[in-house]
Each structure stands twice: as C-alpha cells, then as structure tokens.
Amino acid sequence: EDQVTQSPEALRLQEGESSSLNCSYTVSGLRGLFWYRQDPGKGPEFLFTLYSAGEEKEKERLKATLTKKESFLHITAPKPEDSATYLCAVPLIQGAQKLVFGQGTRLTINP
Amino acid sequence: NAGVMQNPRHLVRRRGQEARLRCSPMKGHSHVYWYRQLPEEGLKFMVYLQKENIIDESGMPKERFSAEFPKEGPSILRIQQVVRGDSAAYFCASSPTGGQEQFFGPGTRLTVL
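Here the protein sequences come in this chain order: D and Z. Throughout the first sequence, residue numbering follows my numbering, covering 130 to 240 in sequence. Throughout the second sequence, residue numbering follows my numbering, covering 2 to 114 in sequence.
I should point out that these hints are in silico values taken from the structure, not numbers from a laboratory. Quantities reported herein were computed from a predicted structural model and do not represent experimental measurements. Among the hints, erroneous ones may be present.
Just the calculated beta-carbon pair ranges, DEER-fashion [claimed, not checked]:
{"id": "1", "chain 1": "Z", "residue 1": "Pro40", "chain 2": "D", "residue 2": "Glu199", "range": "26 to 32 Å"}
{"id": "2", "chain 1": "Z", "residue 1": "Arg21", "chain 2": "D", "residue 2": "Gln143", "range": "42 to 48 Å"}
{"id": "3", "chain 1": "D", "residue 1": "Pro240", "chain 2": "Z", "residue 2": "Glu73", "range": "45 to 51 Å"}
{"id": "4", "chain 1": "D", "residue 1": "Glu184", "chain 2": "Z", "residue 2": "Thr98", "range": "17 to 23 Å"}
{"id": "5", "chain 1": "D", "residue 1": "Leu142", "chain 2": "Z", "residue 2": "Gly17", "range": "44 to 50 Å"}
{"id": "6", "chain 1": "D", "residue 1": "Gly145", "chain 2": "Z", "residue 2": "Glu42", "range": "29 to 35 Å"}
{"id": "7", "chain 1": "Z", "residue 1": "Gln81", "chain 2": "D", "residue 2": "Ser147", "range": "45 to 51 Å"}
{"id": "8", "chain 1": "D", "residue 1": "Gly145", "chain 2": "Z", "residue 2": "Lys28", "range": "21 to 27 Å"}
{"id": "9", "chain 1": "D", "residue 1": "Lys171", "chain 2": "Z", "residue 2": "Thr98", "range": "44 to 50 Å"}
{"id": "10", "chain 1": "D", "residue 1": "Lys171", "chain 2": "Z", "residue 2": "Gly29", "range": "33 to 39 Å"}
{"id": "11", "chain 1": "D", "residue 1": "Glu199", "chain 2": "Z", "residue 2": "Val13", "range": "24 to 30 Å"}
{"id": "12", "chain 1": "Z", "residue 1": "Glu102", "chain 2": "D", "residue 2": "Ala182", "range": "17 to 23 Å"}
{"id": "13", "chain 1": "D", "residue 1": "Glu189", "chain 2": "Z", "residue 2": "Gly86", "range": "38 to 44 Å"}
{"id": "14", "chain 1": "D", "residue 1": "Glu189", "chain 2": "Z", "residue 2": "Glu69", "range": "35 to 41 Å"}
By construction, the Cβ of each residue, glycine as well, lies at the ideal position given by its N, Cα and C atoms.
Starting from the given sequences, assemble the full structure and let the hints guide the process.
Here you go:
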C-alpha cells in the first residue's frame, strides 16, 4: 500500500536551533514529492517539488532533499514565524493527480 | 494573480441539511481537486475534476457526496443529508495540468450540529 510517513509528529525548537524533518514513502515509481506548509486555519502553502534522488531545493531558511526512500526538510536558524505544520505528499503512480499526504510535523519555534 | 478561492469559509448545517462548497481555481488552471481534513487527521483525496468531467472520484463516499466542475463557474462539492461525521475542513486545489504542483485554497470549515 502506498504510504507516506512523517516524523517527528511534533518538534519544539529554540529560535536559531537548526533541525530536520523526515518524510519517508513507500510508493512504487516515484513521480515527485511535494512539501507544503500549513498554518492553523489555512490551506497548505506550496513550498517545493523534488523529482529525483539527490535533488535539493532551497528557500530562505528551508532546504529540501530527496533520496530513494525519504525526503528531509532542513530548517536552518529558524525564527518564530517558521512555526507551522509541514506536510509532504506524493502522487500515486496510478493516478498521478491524486496526492497522498503524510500526517505532518507540527513545528514550534520558541523565541 | 488571485489564488484558489473557496466559499464560504465557514458553514454550519444541521443534520439532514445540504452543504454546497464552492471553489474557483487559479486563473489558467483547468484541473481541480477536493481534499478533506478531519480533526487531528491528514489530508485525504476525494475527487479530481477537469472542466465538465470527473476524472477520479475514488476518494469520495458513494452516497450523499457529489462534485461538479461546469464549463462556466466554480467547482461545487455537494453533501446531501449531512451527518456529524461530515464535520471537517474541505480544501480545494488546482493545477494548470495534471501531475504538477497543486495549489490550495483557504478551505471551507463545515460544522454539522
């Protein structure tokens, strides 16, 4: 069964304390992996797409990387405004348009 | 360029009533997706539509739920005879073509009393 698992479920960091979020997947024939950010009461906001192992994308304090079985979202020197739930999702091979989401990592950055 | 728009943002219905949720995709996007997020759960795919066509409705309950994306106007997700278990946030997303990044709207939060 196609599955996406994110860890940890929740993470509390101090401002400036770097860390990484994990997204592992079991999908036959990966056709991209997407990272989103979701703030409370809002819709997911698109961050990155990764297509092949070894690929990296960066945006401000965030960097996403991809291997054959998992992706990492690295957060460098985070600020309180980076607090949010981070979601990863993969499209199913049989229905590339159908995204399967992980449960998300709820990140809290304390000032 | 306006993003994906959804209305209403909040909807309260009593058990047995009908709920209609609307979604206007981003300009130039002809692919629309509906997802549901139950409290404390992840986003779950419901249905994928292109103009006037339902492409994949495998995630949508077969009873009481329907979706359309007419040639003119927004996409509509319709829930008939709502029950308390339908209470959730319903998100619409759009993309210019299938298989690309999906951009999400702010969601409609449905509460069934």
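Ascending list of hint numbers which this structure does not respect: Those not satisfied are hints 8, 9, 10, 11.
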